[in-house]
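S.K.: Whenever a hint applies, use it, and build me the whole structure from the sequences.
Each chain, letter by letter, is given below.
Number of protein chains: 2
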Amino acid sequence: MTIEQQRTETVRIDQERLWASLTELGEVGAYFDAETELMGVRRLALSDEDIAGRHLVVPWFEKAGLEVSFDRIGNVRARRPGLDNTLAPVVIGSHIDSVATAGRFDGCLGVLGGLEVIRTLNDHQVETLRPIELAIWTEEEGCRFGTDMLGSAVAAGRISEVDARALTDAQGISVGSELDRHGLVGDRPVPVAPPAHYVECHIEQGPILEAGGYEIGVVTGVQAILWHRLTIRGRAAHAGTTPDALRHSAVLAASLVTVKLDEMVKSGDYGALLANVGRFDTSPNLVNIVASEAIITVDFRNPDEEAIQRASADLLAYCWEVEERCGVTISSEITAHTPPVEFYDEVMDEVEQVANRFGLSNRRIMSGAGHDAGEMAAICPTGMVFVPGRYDGISHNPREYSTPKACADGINVLLQCAVTFANQE
Amino acid sequence: MTIEQQRTETVRIDQERLWASLTELGEVGAYFDAETELMGVRRLALSDEDIAGRHLVVPWFEKAGLEVSFDRIGNVRARRPGLDNTLAPVVIGSHIDSVATAGRFDGCLGVLGGLEVIRTLNDHQVETLRPIELAIWTEEEGCRFGTDMLGSAVAAGRISEVDARALTDAQGISVGSELDRHGLVGDRPVPVAPPAHYVECHIEQGPILEAGGYEIGVVTGVQAILWHRLTIRGRAAHAGTTPDALRHSAVLAASLVTVKLDEMVKSGDYGALLANVGRFDTSPNLVNIVASEAIITVDFRNPDEEAIQRASADLLAYCWEVEERCGVTISSEITAHTPPVEFYDEVMDEVEQVANRFGLSNRRIMSGAGHDAGEMAAICPTGMVFVPGRYDGISHNPREYSTPKACADGINVLLQCAVTFANQE
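Line by line, the protein sequences are chains A and B. Oh and the first sequence: position 297 is 297 in my numbering, straight run, nothing missing. Oh and the second sequence: position 29 is 29 in my numbering, straight run, nothing missing.
None of the hints are false.
Here are the simulated DSS-like cross-link-like pairs (lysine-lysine), alpha carbons at most 27 Å apart as the crow flies:
(1) B/Lys260 - A/Lys266
(2) B/Lys405 - B/Lys63
(3) A/Lys260 - B/Lys260
(4) B/Lys266 - A/Lys260
Far from chain B by the CB rule (all over 12 Å, computed), these chain A residues:
(5) Leu38
(6) Lys63
(7) Pro191
In case anyone wonders, no lab produced these hints; they're calculated from the structure. Since this is a predicted model, take the numbers as computed values, not measurements. No residue lacks a Cβ here, since even glycine has one placed at the ideal position from N, Cα and C.
M.R.: Here you go:
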């Protein structure tokens, strides 16, 4: 342990202050969710509700003494100066935009937890060699403008500012016009200068930590994502008068594909493959008509890029079999593909060591979902801290819940990591 | 051959007059169908378009000398007197209501062909012992008020007048209020007095006659119909973060059922079983969410009631397996069940003999779809004449088409059968 680590080893964040911040931000964009009969959160990126969220949080940053600036895509950067401000900063952060039916934790824990880190360092008058910057990334969810991790991807240089501004929502409103309307285009250029390190704390959004009784997840990376949209064309026919041999059912073809995907996952031939048919639309969708068309989506995940590509190829080969067997045609479009991200050993090791020193049970875990950290990993040593969620880690749902202690555990680990990296020369 | 048969043996209907009537009625309720880029027909039962169709056709009946009356459910009966009007009539007929995306032949061929029979008998001054009555049955399609063969079922006594009047459409408008609004409630009581015979000519609505090059189908009956609606409840989950073992996908469960049904059909274990999953709705229907719910419909058909019941029971047994395997719950509701109808040997024999005498190639064929004749078979000797349709017999679609000659062949057979039965003492 370094001297700096020893100095902050006993520092702990204020669990109640963090919880109060999460609760207050959770009121912005709140709505009554009829299905769960709970209050949910709806702050679609760059909507008035999202901006109201920023108007609540950014003054908190300023009150904590941070120097707030914006980059060209509206990402917020709030700086706590270090002893040597010529050095690249350590960045911590996440997002406060949400899906349409969100809870209070997704993204917000990373941002408000980052703020709690700053407040705690201020309270304890801890100084660091490097500056620490707190980031709010624009449009992480991707559900308004169709591309997730948009702000961090522009910051990291994977997507150009021009392309990002041109993206439009379902009403044809562009990212650029919304950035301009809300006055969010700042001076800082994109891509940004690489930070020294990037660390993000996030809820797991899955059941693994809760099921195993773990308090901290040491995130090893983000698995690869590959999405297909399959359009299956059969032939409409009367379900009473058409002999079986003359049927070309798009629903049967789509069902064969769905069952095959389950067999592929359970075969073990593709490692830790996951596959989901989440959308299943058919036409004309009537009880007594053989379906002429079906559109299904396939969501593949795999930590291993080779295995996900092989699964994708084998899916398409099986589609040819189904074409033959059912007398249908199947066209496939890849609608998303991000290769796997591996986080950095030094960050994973640090997260793990802090958790162990603090007596927090932990395990290494691959992230099933995409995160801003996945973008930042392209330009600097990056890692993540996961905290467990209740109810099998349900997320993107008003039932999303992590306990005050679970949130505080994650942010205490985040604080130690931030200080450690901010004191590295 | 009887003396009466010999007298009418050389009588033929006027193919062009029949075609002109079909064409003129096809203009009523015509609409442009964007999918096929053809003009289609939309005369939902008891709609203004359906009534406009009746206002075109009923004056034709009167001009042909028929005495027009209505029963309590709006079925039209138009009588050509016989030599002995104390005898039960021979009834021929069908319907002129249509589905939302119809062609010009379904039902209309039976009604306008029946009119052509009357016109032809008039032209040739053919008298019959019994009266011949022409029927237009109310709401055969069932797509507005949810119960098909409604008018003939009330006439035959399977459904009560009170229950039929109480049925409502999607806007809450009742059959009774529509009958009253259009002034269609007549004096003739329901159930009706049993006719001597009932014979109906209809397009096949399937590919069998066309594929085999047959000009006439001798209909042996209507196969049993059994519909299930399965509601499958799984659990919504993030498709990236939820391990496979913790998924409860309603789409996978529904797909397993769909594939199993195909295996059951192809096994041959259930005779001439047909099965169709036509509706497949899922929720939330998003690419990266494991589906929490699926609703699918199963349309079973089988000429054999025992076999269709066995298939239904085996489906439910398989659903229990799927519940276990996928960790879902499946509830099942039977939404339709009509046992098979067998038509009468004497009518089948007569249709077959006429076709053979006229040199028309023919085969016996089970009807895959329900027809008004299926209801009338409960109260009198009944049969049907099928004519082939083009394009695999596509129906309920603007592409529905039978040639002028195919229509005339069927109606020539219908005429001979009607005269034969109308001369039976």
